[in-house]
Amino acid sequence: MTLPGLKFTLVALALGLACSQSSPTLQGQVPLALDETADTGVTGNTKGNQPIQWRVIWTTDPQHRATISWSTRKETGDNHLRIWPKGKDSQHRKVVAQHNGTFTLNVSEMKDLDPVYYHHVRLDGLEPGVTYEFELNSDGSKSRTLSFRSAPAIDSTESFSLIYGGDSRTGKEDRQRMNRLSAELTSRLPDAIAFVHGGDYIYDGRQFLQWTEWMTHDELRTTSDGRVLPIIPTRGNHDIGDLYDEVFDTPGAKGENYYHTTLPNGVNLLTLNTNISHAGDQRVWLAGQLMGLRPDSRWLLAQYHRPAYPAVKQPGEAKAAWVPLFEAHDVDLVFESDGHAIKRTVPIRGDKLDPTGVVYIGEGGLGVPQRTPDSDRWYLQSPGMSGRGHHLTTVSFSGDQLRLVTQGFAVDEESGRIGDPGGDSVIFDEVVMQRRGAE
Amino acid sequence: MALAALGAAYVSWFQASSVNSLLFIELERDEHSARNLDIAAAIGLCLCAAVLCQPGRHAARLASGAAALIGLWFLALATADQVLHSTAFSHLALPAAALRIVTPILLALVLLGRSSRVEFGLRVAVASTFAVHGYEALCHNPKFLDLILLNLNLDTGSPLFGEASARIILDVIGAVDLLVAGLVLFLRSPALAGYMALWGAVTALSRCGAMGWEAWPAVAVRMTHVAGPLALFLLWRPRGIIKR
Ligand SMILES: [Fe+2]
Numbered sequence: 001m002t003l004p005g006l007k008f009t010l011v012a013l014a015l016g017l018a019c020s021q022s023s024p025t026l027q028g029q030v031p032l033a034l035d036e037t038a039d040t041g042v043t044g045n046t047k048g049n050q051p052i053q054w055r056v057i058w059t060t061d062p063q064h065r066a067t068i069s070w071s072t073r074k075e076t077g078d079n080h081l082r083i084w085p086k087g088k089d090s091q092h093r094k095v096v097a098q099h100n101g102t103f104t105l106n107v108s109e110m111k112d113l114d115p116v117y118y119h120h121v122r123l124d125g126l127e128p129g130v131t132y133e134f135e136l137n138s139d140g141s142k143s144r145t146l147s148f149r150s151a152p153a154i155d156s157t158e159s160f161s162l163i164y165g166g167d168s169r170t171g172k173e174d175r176q177r178m179n180r181l182s183a184e185l186t187s188r189l190p191d192a193i194a195f196v197h198g199g200d201y202i203y204d205g206r207q208f209l210q211w212t213e214w215m216t217h218d219e220l221r222t223t224s225d226g227r228v229l230p231i232i233p234t235r236g237n238h239d240i241g242d243l244y245d246e247v248f249d250t251p252g253a254k255g256e257n258y259y260h261t262t263l264p265n266g267v268n269l270l271t272l273n274t275n276i277s278h279a280g281d282q283r284v285w286l287a288g289q290l291m292g293l294r295p296d297s298r299w300l301l302a303q304y305h306r307p308a309y310p311a312v313k314q315p316g317e318a319k320a321a322w323v324p325l326f327e328a329h330d331v332d333l334v335f336e337s338d339g340h341a342i343k344r345t346v347p348i349r350g351d352k353l354d355p356t357g358v359v360y361i362g363e364g365g366l367g368v369p370q371r372t373p374d375s376d377r378w379y380l381q382s383p384g385m386s387g388r389g390h391h392l393t394t395v396s397f398s399g400d401q402l403r404l405v406t407q408g409f410a411v412d413e414e415s416g417r418i419g420d421p422g423g424d425s426v427i428f429d430e431v432v433m434q435r436r437g438a439e
Numbered sequence: 001m002a003l004a005a006l007g008a009a010y011v012s013w014f015q016a017s018s019v020n021s022l023l024f025i026e027l028e029r030d031e032h033s034a035r036n037l038d039i040a041a042a043i044g045l046c047l048c049a050a051v052l053c054q055p056g057r058h059a060a061r062l063a064s065g066a067a068a069l070i071g072l073w074f075l076a077l078a079t080a081d082q083v084l085h086s087t088a089f090s091h092l093a094l095p096a097a098a099l100r101i102v103t104p105i106l107l108a109l110v111l112l113g114r115s116s117r118v119e120f121g122l123r124v125a126v127a128s129t130f131a132v133h134g135y136e137a138l139c140h141n142p143k144f145l146d147l148i149l150l151n152l153n154l155d156t157g158s159p160l161f162g163e164a165s166a167r168i169i170l171d172v173i174g175a176v177d178l179l180v181a182g183l184v185l186f187l188r189s190p191a192l193a194g195y196m197a198l199w200g201a202v203t204a205l206s207r208c209g210a211m212g213w214e215a216w217p218a219v220a221v222r223m224t225h226v227a228g229p230l231a232l233f234l235l236w237r238p239r240g241i242i243k244r
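So the sequence lines, in the order shown, correspond to chains F and P.
According to the numbering used here, the residues represented by the first sequence are 1 to 439, in order.
According to the numbering used here, the residues represented by the second sequence are 1 to 244, in order.
Simulated from the structure, these hints should not be mistaken for laboratory data.
Cβ coordinates follow ideal geometry from the N, Cα and C atoms, glycine included.
Possibly wrong hints are sitting among the right ones.
[Claimed, not checked] Below, a list of computed lysine to any residue pairs in the SDA-like style, where the Cα atoms sit at most 25 Å apart: (1) F:Lys254 x P:Phe233; (2) F:Lys172 x F:Asp112; (3) F:Lys254 x P:Tyr10; (4) P:Lys143 x P:Val110; (5) F:Lys254 x P:Trp216; (6) P:Lys143 x F:Lys172; (7) F:Lys111 x P:Ile168; (8) F:Lys352 x P:Gly209; (9) F:Lys352 x P:Asn151; (10) F:Lys352 x P:Tyr10; (11) P:Lys143 x F:Lys111; (12) F:Lys352 x P:Ile168.
[What the hints assert, rightly or not] Far from chain F by the CB rule (all over 12 Å, computed), these chain P residues: (13) Leu145; (14) Gly162; (15) Leu205; (16) Ala215.
[Stated by the list, open to error] FRET-style restraints, in silico, Cβ to Cβ: (17) P:Phe14 x F:His64: 24 to 30 Å; (18) F:Lys254 x P:Phe14: 35 to 41 Å; (19) F:Glu414 x P:Asp171: 37 to 43 Å; (20) P:Arg167 x F:Glu173: 41 to 47 Å.
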């Protein structure tokens, strides 16, 4: 070792420490009141009982169930929605919000912020594959008319698409741009039925100010004609605390947040939680689900946040706890997030390339600055891929084929942010998978 | 110490350190700078490890600098972890990493012949790391649950140990960790220090037991959890070899 080399290292380390200690305010901690957000689709939001921040949430049985949620800035006594099959207003029914409460504020927020209230309507008895229009109402203040489509029947053979993305915790302008892209894709893809979010919605899950911004920005996924794509949520490592359950109406049981979503045409999606024990009760549940679902599944999918086959960081516990089960039960495709890069792995079995293996895609690009992936990793080599860009993946199921199209915006090399927010989206990756046994 | 440095170097070079994440994602520095810092840190840590592995009187000052640098890098990593809010327990990252930070720095002082407060510093660092890990165990940190479950269960669909059993085990581990964390501040017991070194080794190695050999950097960076209590054991054993 040479002394100049050591000196260089010393200087570099000292500079690094200095950088980390002289930090300005972290992005993501800037307070932003609900009605200060520009261009959110919330107009005339001057009354505190105006329903805002709408979202449609799917967990299990989206053919017949959904949660429709919204927020108000005042405590309201009468919270309900009117819902009817599209074009059949006369068949409308009124459903009262069964679950209302105050979003949890942390100690510092309590000093500066008035409470904000959530309202969840848990819909049951929906008809599969029907477009419903609905109108939110809190103490007489109404939302505009919005719509969503219930999932087509599980034995339906019609084509459908999911939109998948994750990691929207920082880079708020880019987050909004990606939400607008999602709305554009939803308009272009009439068969899109849900948005699968891979988690890390915000930077610190215990800060309501961050969640309220996220919920406001999430309205941008609504199309110009009021179509809301239901969200299938996953907990990310930054989404700690109670607010996640308050925002998404406790998807899966409290403290678990893992669940099974039945999709049309024999497609099953298992949402897992990488914030809790992987190898305990969740693994037992996963093993049981996979065993029961595989025989009747045309496509078996899983999603969770921290990757088993990461493009940037080290593998999470999913690799040891879940991958052997995925392989034993022939899971087809897994959605991962957290790394802030684009990746599609080769099919993997036994930690090796195997045409019969599991493909992992991801891993997070809904606004968070994009990293350069470690493209030397064996599982990212051709026919897999990796890249850098803010991205969404449309996952389209048709017959025996599954088409993955990953698209979004190229990044500025230095910052990892969207290089040209006004520009058109580009396609980063496109691939067709054939159903097992259908070759 | 050298092993800990090599583990951290591997993470910086082949993955991304938490300092990199802090600089690039949260502080919006450009990726190249964050990456270059990681590369510089990796090279520096490898050089430090090499220096520490070279015994000899003339190298004492150099080795002291190397040890101090390793400690400072672990301080930077823990600070970044603390700020990043990336887990439910990240607010405890600094006290949890006390041994990783303090052991190399104390070694640097010893190498410079300044060993008057070393024992006290080491006891506080050992107590801090054990107390935080004990607290996290009592809170049933999911990572600890998985370490137990993945180490004790073979890869079968019907595990021998369920999550409920692992939670009970963690309650015991947490209580014992807190107890020994308190005792080490007041007792000069070689048996106590020996137990803590052994437990540090078991918990470090459990990373590879759970995740396989690719988790070796996680084992390596925890070698200070063995080295710190082991130094106390050597100090306290009846036929003391190390000068006080
Ligand atoms: Fe994450």
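Evaluation of the provided hints:
1. Straight-line distance between C-alpha atoms of lysine 254 (chain F) and phenylalanine 233 (chain P) comes to about 45 Å, which puts the hinted pair past the 25 Å bound.
2. This hinted pair checks out: lysine 172 (chain F) and aspartate 112 (chain F) have alpha carbons roughly 22 Å apart, not beyond 25 Å.
3. Distance hint between lysine 254 (chain F) and tyrosine 10 (chain P) is unfulfilled; the C-alpha atoms sit about 38 Å from each other, more than 25 Å.
4. Between the alpha carbons of lysine 143 (chain P) and valine 110 (chain P) the distance comes to roughly 35 Å, so the proposed pair goes past 25 Å and is violated.
5. For the given pair, lysine 254 (chain F) sits about 34 Å from tryptophan 216 (chain P) by alpha-carbon distance, which is inconsistent with the 25 Å threshold.
6. Our distance criterion of 25 Å between C-alpha atoms is broken by lysine 143 (chain P) and lysine 172 (chain F), whose separation comes to about 30 Å.
7. Distance restraint check for lysine 111 (chain F) and isoleucine 168 (chain P): the Cα-Cα separation of roughly 39 Å exceeds the 25 Å cut-off, and the hinted pair is therefore not satisfied.
8. Restraint check for lysine 352 (chain F) and glycine 209 (chain P): satisfied, since their Cα atoms lie roughly 20 Å apart, inside the 25 Å limit.
9. Annotation: proposed proximity of lysine 352 (chain F) to asparagine 151 (chain P) holds, straight-line Cα distance about 23 Å (limit 25 Å).
10. Restraint check for lysine 352 (chain F) and tyrosine 10 (chain P): satisfied, since their Cα atoms lie roughly 22 Å apart, inside the 25 Å limit.
11. For a cut-off of 25 Å, the pair hint linking lysine 143 (chain P) to lysine 111 (chain F) is broken: about 34 Å separates their Cα positions.
12. Taking the CA atoms of lysine 352 (chain F) and isoleucine 168 (chain P), the gap is about 37 Å. The hint is violated against a cut of 25 Å.
13. The claim that leucine 145 (chain P) lies off the interface is violated: its Cβ sits roughly 4 Å from the closest Cβ of chain F, which falls inside the 12 Å cut-off.
14. Its beta-carbon lying about 7 Å from the closest one in chain F, glycine 162 (chain P) breaks the requirement of being farther than 12 Å from that chain.
15. Chain F leaves leucine 205 (chain P) outside its interface by the beta-carbon criterion, the shortest separation being 15 Å against a cut-off of 12 Å.
16. The non-interface label for alanine 215 (chain P) is inconsistent with chain F: the shortest C-beta to C-beta separation is roughly 8 Å, within 12 Å.
17. Remark: the range hint 24 to 30 Å for phenylalanine 14 (chain P) to histidine 64 (chain F) is contradicted by a beta-carbon distance near 48 Å.
18. Checked against the hint of 35 to 41 Å, the pair lysine 254 (chain F) and phenylalanine 14 (chain P) passes, with Cβ atoms roughly 38 Å apart.
19. Evaluation of the 37 to 43 Å hint for glutamate 414 (chain F) and aspartate 171 (chain P) yields a failure: the beta carbon distance comes to about 49 Å.
20. Look at arginine 167 (chain P) against glutamate 173 (chain F): about 43 Å separates their beta carbons, and that is inside 41 to 47 Å.
The structure does not agree with the numbered hints 1, 3, 4, 5, 6, 7, 11, 12, 13, 14, 16, 17 and 19 stated previously, though it agrees with the rest.
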